[in-house]
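Participant: For the record, the sequence lines run as chains A and B.
When you line the first sequence up against numbering that gives the first Met the number 0, it's residues 0 to 300, in that order.
When you line the second sequence up against numbering that gives the first Met the number 0, it's residues 0 to 300, in that order.
No lab work stands behind these hints, which were simulated from the structure alone.
Built from N, CA and C at the ideal position, the CB exists for glycine as well.
Among the hints, erroneous ones may be present.
Claimed, not checked - Here are the in silico distance ranges between beta carbons for each label pair: (1) B/PRO69 - A/GLU159: 54 to 64 Å; (2) A/ALA284 - B/VAL9: 34 to 44 Å; (3) B/ALA255 - A/THR73: 45 to 55 Å; (4) A/ALA102 - B/SER36: 50 to 60 Å; (5) A/SER117 - B/GLY92: 24 to 34 Å; (6) A/GLU86 - B/ALA253: 26 to 36 Å; (7) A/ASP12 - B/ARG89: 49 to 59 Å.
2 protein chains.
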Amino acid sequence: MPSGDDAAVVAADALAVTSVDMMVEGVHFELAPGWASPADVGHRALAAALSDIAAMGSRAGEAYIALGLPARVTDDEVLELVDGAGELARRCGVTIAGGDIVAAPALTVCVTAVGWSSREVSPVTRAGARAGDIVGVTGRLGGPAGALELLAAGREPGPELLARLRRPEPRLAAGAAVAAAGAHAMIDVSDGLAADASLLGRASGVRLRIELERLPLLPAAADAAAALGRDGALLAAESGEEFELCICAAAADADAVAGAAADAGGPEVTWIGEVRAGDGGADLAARDGTLVAARGYEHRV
Amino acid sequence: MPSGDDAAVVAADALAVTSVDMMVEGVHFELAPGWASPADVGHRALAAALSDIAAMGSRAGEAYIALGLPARVTDDEVLELVDGAGELARRCGVTIAGGDIVAAPALTVCVTAVGWSSREVSPVTRAGARAGDIVGVTGRLGGPAGALELLAAGREPGPELLARLRRPEPRLAAGAAVAAAGAHAMIDVSDGLAADASLLGRASGVRLRIELERLPLLPAAADAAAALGRDGALLAAESGEEFELCICAAAADADAVAGAAADAGGPEVTWIGEVRAGDGGADLAARDGTLVAARGYEHRV
Chain A
0 MPSGDDAAVV AADALAVTSV DMMVEGVHFE LAPGWASPAD VGHRALAAAL SDIAAMGSRA
60 GEAYIALGLP ARVTDDEVLE LVDGAGELAR RCGVTIAGGD IVAAPALTVC VTAVGWSSRE
120 VSPVTRAGAR AGDIVGVTGR LGGPAGALEL LAAGREPGPE LLARLRRPEP RLAAGAAVAA
180 AGAHAMIDVS DGLAADASLL GRASGVRLRI ELERLPLLPA AADAAAALGR DGALLAAESG
240 EEFELCICAA AADADAVAGA AADAGGPEVT WIGEVRAGDG GADLAARDGT LVAARGYEHR
300 V
Chain B
0 MPSGDDAAVV AADALAVTSV DMMVEGVHFE LAPGWASPAD VGHRALAAAL SDIAAMGSRA
60 GEAYIALGLP ARVTDDEVLE LVDGAGELAR RCGVTIAGGD IVAAPALTVC VTAVGWSSRE
120 VSPVTRAGAR AGDIVGVTGR LGGPAGALEL LAAGREPGPE LLARLRRPEP RLAAGAAVAA
180 AGAHAMIDVS DGLAADASLL GRASGVRLRI ELERLPLLPA AADAAAALGR DGALLAAESG
240 EEFELCICAA AADADAVAGA AADAGGPEVT WIGEVRAGDG GADLAARDGT LVAARGYEHR
300 V
């Protein structure tokens with residue numbers, strides 16, 4: 000993983016799009032059976048940084064991985080972690096081009112992901128939503144929250160929910176396709192759709208209105224919500240550690256945007272609301288039109 | 000410091016040159032009076048990453064700073080740390096373009112520095128040295144080792160040595176100038192000249208011969224060596240945490256390379272040896288021609 004030289008040299012496109020994510024054992028994950036394997040940790044750390052590149056609609060190019068290693072982490076565990084990141088990188092066409100390895104009291108993974116955009120398709124920011132836009136989201140929500148809330152209740156989440164928690168997929172192909180199809184604004188919902196839609200609304204100076212009943216819910220997350228006596232749609236809206244994309248686009252472009260994501264291999268885009276003039280932020284509306292408050296998502300293990 | 004968006008977007012030159020350095024409290028530094036202030040920590044972490052860009056001869060562009068913060072680190076200390084990095088960044092024309100802030104058990108600073116090269120002046124690697132080249136080094140060595148060894152002996156290093164330890168300068172201007180003047184290979188001597196010259200020799204498949212008596216020694220480091228009963232030149236060769244550059248260039252280019260560094264504002268280049276065919280590595284030669292073994296440098300606080 001460390002490059003042979005002082006620094007890695009790569010050919011650039013017109014615009015560099017760079018994101019850094021640091022994850023720390025005991026804060027963002029536990030390296031323990033039932034929580035996460037070393038490979039899961041490597042995958043998730045890289046996925047988190049790549050997800051930010053996806054949300055800009057850029058082509059992911061390279062990743063740099065810095066590891067802080069406690070003495071108790073074995074060489075095999077380090078290799079597993081790097082392999083977990085490497086497998087995702089290969090699948091995404093990303094080169095792990097460098098990094099650093101140092102001693103640290105807690106396992107620490109800091110990933111810098113670099114994406115590239117040409118001048119023709121500008122990166123999509125979170126600040127471009129306009130009143131009259133429609134709001135969409137990729138994929139199906141609720142998996143990580145379903146898994147975490149079942150674990151917190153001492154129950155077994157089952158393999159599908161655990162996979163969503165441990166191996167979330169950055170939506171690089173869909174993000175790039177949606178950007179090329181003219182999306183106005185994007186954000187990944189890694190802090191939960193409710194919180195991130197609100198950030199997008201504030202950055203754009205508009206108000207997103209999201210219809211809870213239209214949220215696409217992962218079936219296993221719906222089952223988890225039922226088992227926990229929770230409202231499924233609210234669980235989906237609050238679910239953090241998701242790397243789905245929240246998209247704002249002109250209503251006239253709805254089919255083009257959804258079609259572009261489908262052509263890129265998915266996941267499907269579901270239209271869940273609209274953008275209105277108003278104070279910057281987002282509202283969640285129940286079926287009867289009343290607004291519902293969502294809990295913010297905080298990292299916790 | 001965190002960008003408003005998911006990722007930072009910057010205009011690129013032809014080649015991106017990227018280096019990542021992670022530093023951890025208790026491993027690379029102690030945040031304590033007598034060791035390092037928060038501003039020192041910010042400065043050093045950024046300087047370490049920029050030094051790798053300098054050693055490639057590239058123009059430094061942006062830095063991304065991820066911080067892992069224990070609860071006991073105050074907001075004021077965090078601001079001081081960021082200001083310490085920010086002051087160096089401004090002086091070097093570097094933009095701090097993004098980063099991350101998370102909780103962590105030990106203060107952790109992970110800096111990603113990005114430099115840019117045009118296609119006209121390729122980045123200088125450590126693999127380009129050729130038999131017949133001469134070997135140079137920028138500045139004056141021994142400051143950090145002098146400070147650390149005096150501290151370890153329970154003695155006060157004095158302000159000049161402490162400044163060398165706490166606020167080392169990345170040699171960006173000199174590195175870029177030397178690259179443009181045709182240097183064949185470079186490396187920063189952050190693990191000590193002896194160790195890093197050996198890395199350069201191995202990467203280039205040649206043997207560097209460095210004349211100990213020609214090493215440029217910081218006067219305060221010479222005093223420290225005398226006070227410690229140490230050979231000054233060997234202390235200089237072993238001194239890590241230095242960000243001077245070891246340079247290999249064609250003998251015919253000696254004046255052009257040294258002149259370019261001087262024109263860029265320094266520091267001065269001193270020619271300290273030559274490159275020979277042989278097993279990849281480096282030798283330190285005493286005045287009588289005998290070879291001297293140097294200790295490797297290990298991070299320790």
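Participant: State for each hint whether it applies.
Facilitator: Structure-based check of all given hints:
Evaluation of the 54 to 64 Å hint for B/PRO69 and A/GLU159 yields a failure: the beta carbon distance comes to about 36 Å. In this structure, A/ALA284 and B/VAL9 meet the distance hint of 34 to 44 Å, their C-beta atoms being roughly 38 Å apart. The hint said 45 to 55 Å for the Cβ distance between B/ALA255 and A/THR73, and at roughly 51 Å that hint holds. Under the hint 50 to 60 Å, the C-beta atoms of A/ALA102 and B/SER36, about 22 Å apart, miss the expected range.
Evaluation of the 24 to 34 Å hint for A/SER117 and B/GLY92 yields a pass: the beta carbon distance comes to about 26 Å. In this structure the hint that A/GLU86 and B/ALA253 lie 26 to 36 Å apart at CB is violated, the actual value being about 49 Å. At about 28 Å, the beta-carbon gap between A/ASP12 and B/ARG89 misses the expected band of 49 to 59 Å.
Going down the numbered hints, you'll see the structure goes against 1, 4, 6, 7, while the others check out.
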